[in-house]
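**Student:** Taken in order, these protein sequences are the chains called W and Y.
If you read the first sequence in my numbering, its first letter stands for residue 81, the second for the next number, and so on.
If you read the second sequence in my numbering, its first letter stands for residue 81, the second for the next number, and so on.
No lab work stands behind these hints, which were simulated from the structure alone.
This list has only true hints and no planted wrong ones.
Which copy is meant is left open, because identical chains are indistinguishable; a pair holds if it fits in one copy or across any two.
Keeping only pairs whose Cα atoms sit at most 20 Å apart, straight-line, the calculated EDC-like set for lysine to aspartate or glutamate is:
| hint | residue 1 | residue 2 |
| --- | --- | --- |
| 1 | Lys314 | Asp250 |
| 2 | Lys372 | Glu353 |
| 3 | Lys372 | Glu337 |
| 4 | Lys314 | Asp284 |
| 5 | Lys157 | Glu177 |
| 6 | Lys372 | Asp155 |
| 7 | Lys314 | Glu353 |
| 8 | Lys369 | Asp155 |
| 9 | Lys207 | Asp106 |
| 10 | Lys369 | Glu163 |
| 11 | Lys157 | Glu337 |
| 12 | Lys372 | Glu360 |
| 13 | Lys95 | Asp382 |
| 14 | Lys314 | Asp358 |
| 15 | Lys314 | Asp281 |
| 16 | Lys157 | Asp181 |
2 protein chains.
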Amino acid sequence: MSEPVVIGMDVGATKILVGAVTQAGDILASRLFKINSETQAITLRSIEASLENFIRDWNGSPPLAIGVGLVGQIDPKAGIWFEAINLPIRSPVLLAEQLSDHYKVHAALDNDVHAATLAEMRWGIGKESMDFIYLNIGTGIAAGLVFNGQLLRGTQNYAGELGHTVVQPDGPLCPCGRRGCVEPIASGGGMLARVQELLVDYPDSMLHAHAQSDSLTAHSIFTAADTGDPLAIKISSDAVQALSIVLINLVNLLNPEWIVYGGGTLSDGWLIEHVRVDVESRPLLMTRKSLKGLLPSRLNPDQVGLLGAACLAWNVNPSGGAIE
Amino acid sequence: MSEPVVIGMDVGATKILVGAVTQAGDILASRLFKINSETQAITLRSIEASLENFIRDWNGSPPLAIGVGLVGQIDPKAGIWFEAINLPIRSPVLLAEQLSDHYKVHAALDNDVHAATLAEMRWGIGKESMDFIYLNIGTGIAAGLVFNGQLLRGTQNYAGELGHTVVQPDGPLCPCGRRGCVEPIASGGGMLARVQELLVDYPDSMLHAHAQSDSLTAHSIFTAADTGDPLAIKISSDAVQALSIVLINLVNLLNPEWIVYGGGTLSDGWLIEHVRVDVESRPLLMTRKSLKGLLPSRLNPDQVGLLGAACLAWNVNPSGGAIE
Numbered sequence: 081m082s083e084p085v086v087i088g089m090d091v092g093a094t095k096i097l098v099g100a101v102t103q104a105g106d107i108l109a110s111r112l113f114k115i116n117s118e119t120q121a122i123t124l125r126s127i128e129a130s131l132e133n134f135i136r137d138w139n140g141s142p143p144l145a146i147g148v149g150l151v152g153q154i155d156p157k158a159g160i161w162f163e164a165i166n167l168p169i170r171s172p173v174l175l176a177e178q179l180s181d182h183y184k185v186h187a188a189l190d191n192d193v194h195a196a197t198l199a200e201m202r203w204g205i206g207k208e209s210m211d212f213i214y215l216n217i218g219t220g221i222a223a224g225l226v227f228n229g230q231l232l233r234g235t236q237n238y239a240g241e242l243g244h245t246v247v248q249p250d251g252p253l254c255p256c257g258r259r260g261c262v263e264p265i266a267s268g269g270g271m272l273a274r275v276q277e278l279l280v281d282y283p284d285s286m287l288h289a290h291a292q293s294d295s296l297t298a299h300s301i302f303t304a305a306d307t308g309d310p311l312a313i314k315i316s317s318d319a320v321q322a323l324s325i326v327l328i329n330l331v332n333l334l335n336p337e338w339i340v341y342g343g344g345t346l347s348d349g350w351l352i353e354h355v356r357v358d359v360e361s362r363p364l365l366m367t368r369k370s371l372k373g374l375l376p377s378r379l380n381p382d383q384v385g386l387l388g389a390a391c392l393a394w395n396v397n398p399s400g401g402a403i404e
Numbered sequence: 081m082s083e084p085v086v087i088g089m090d091v092g093a094t095k096i097l098v099g100a101v102t103q104a105g106d107i108l109a110s111r112l113f114k115i116n117s118e119t120q121a122i123t124l125r126s127i128e129a130s131l132e133n134f135i136r137d138w139n140g141s142p143p144l145a146i147g148v149g150l151v152g153q154i155d156p157k158a159g160i161w162f163e164a165i166n167l168p169i170r171s172p173v174l175l176a177e178q179l180s181d182h183y184k185v186h187a188a189l190d191n192d193v194h195a196a197t198l199a200e201m202r203w204g205i206g207k208e209s210m211d212f213i214y215l216n217i218g219t220g221i222a223a224g225l226v227f228n229g230q231l232l233r234g235t236q237n238y239a240g241e242l243g244h245t246v247v248q249p250d251g252p253l254c255p256c257g258r259r260g261c262v263e264p265i266a267s268g269g270g271m272l273a274r275v276q277e278l279l280v281d282y283p284d285s286m287l288h289a290h291a292q293s294d295s296l297t298a299h300s301i302f303t304a305a306d307t308g309d310p311l312a313i314k315i316s317s318d319a320v321q322a323l324s325i326v327l328i329n330l331v332n333l334l335n336p337e338w339i340v341y342g343g344g345t346l347s348d349g350w351l352i353e354h355v356r357v358d359v360e361s362r363p364l365l366m367t368r369k370s371l372k373g374l375l376p377s378r379l380n381p382d383q384v385g386l387l388g389a390a391c392l393a394w395n396v397n398p399s400g401g402a403i404e
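When you get a sec, could you build the whole thing from the sequences and use the hints?
**Tutor:** Listed below in structure tokens is the structure:
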């Protein structure tokens, strides 16, 4: 008899990853689809078609539930996708109900960072800790906050926007309208944009070659900084300072037991290793003593979105209990 | 028949306020005692004597439970006071058990900001909202974070140190060791210290008269700023900018429904009125839309410590349920 699974769908701005995931968090099969996002209707058809295609080809046991991780504003209790910024969702979509009616199983939605944090609670550090921060730095910066074993959602399920923490009041203007947010300074997307902007002032920087060959990444900036490239040093040390401030502020405010991290920008460990000493030594005595450390998430960074979506499904699976 | 009450004790660095409080949050009697804090043993005797005195003179119904709000690190589940900074508590005190054994009623401890936040949950905005921030600015700055109807305690019950959020990385050195924390810029204690430090550079400031007559308060700084005093304008506008940054950061991170405020420095409303426009207009769209506003706490600022302590007692009173 084949192993029980749920279906997870990680819906990004350009791609959808669909997979079948066991209760232990093993991904038995997964497939990547492109998303066609010309209009709201086309976007929704694209999502439905990806799921339909995956399920048609899936030959394991029938899925027990479906979970969908999305961008934008979601009401997870009602299963409604209200709006998105990177996808043209402008009027509310009763997506959980639609999927549930069509496939005759429970379906659940949540935003991608909350979903990843719930996966971290179920399959990661949450097996040992009730009080942790899940830090994700990739294109942007977001955090999942878990206290007393519960995800902090906020009043409209929008908690976690750590990227829009001001760390430099006279810093560069952020698209959000404030100056000196951490996201444009320390996220992968932010660092790449700063390199493009500052290259003209650093004609000898080795980052020119990366930029021309379209191979510029956070990792290439960190490597160039280690070899003494002045532009790379500037960008990466600004990122270290900004991230260090934000994390110490968080430790003082929230008194977490662990910080676990994931996301492409943190995957080579460079940025975290450079903030580690500060974060472990500079918070207030009491909060410092109770912080056990900074750890990489044990969930595969390429799969955490899918695992998050699948976790939503396991959380509503009738045999697994109610929505968290 | 006299109304059922609990006893609350608000233990500060120099004084103890003891009172009898009903389940509706009415204070039927209260009395202020000085605290003698030469050693740990003397401090503890001082606390016990205050309680003994109050109960001896109390002629209402016998108290159902005792609650104590304290400074420092407290384990509310175990009822242990581990240590304090403003009082000489260096080895753990099983205070809840001691009071409970002596008076034959349940007793509970917590730190003062958590206690005030629990009072806000029971008798204030918590009657209408599950997701709010209780902001207290007096000598220092602290916050109580309530989400999904629960107080966020952190792993060692030390969450809430909002004062040690860096808002100006090149700002003045804070006693915590970092630069540019909000507390020395925007707390009452911080603003008074900055006036003392900067008076020499502003020989014409009207704050000299206040400083000489020992009548300098946050309120006198705000009043002087309104009449155009340059030193007062500098101090108060720095405070406005710092507090505004911190509150918008918090709104983006936590997505609260309300911010309620208390504490002596905010009591005349000046500081809040000057940050209100920013806090209501500059967070991210989603978090801004769900913030209903900034409100003064409906709890009397002079009594909130006592109400917090009493709330701890109501929370453990056998007829009122278990420890939150």
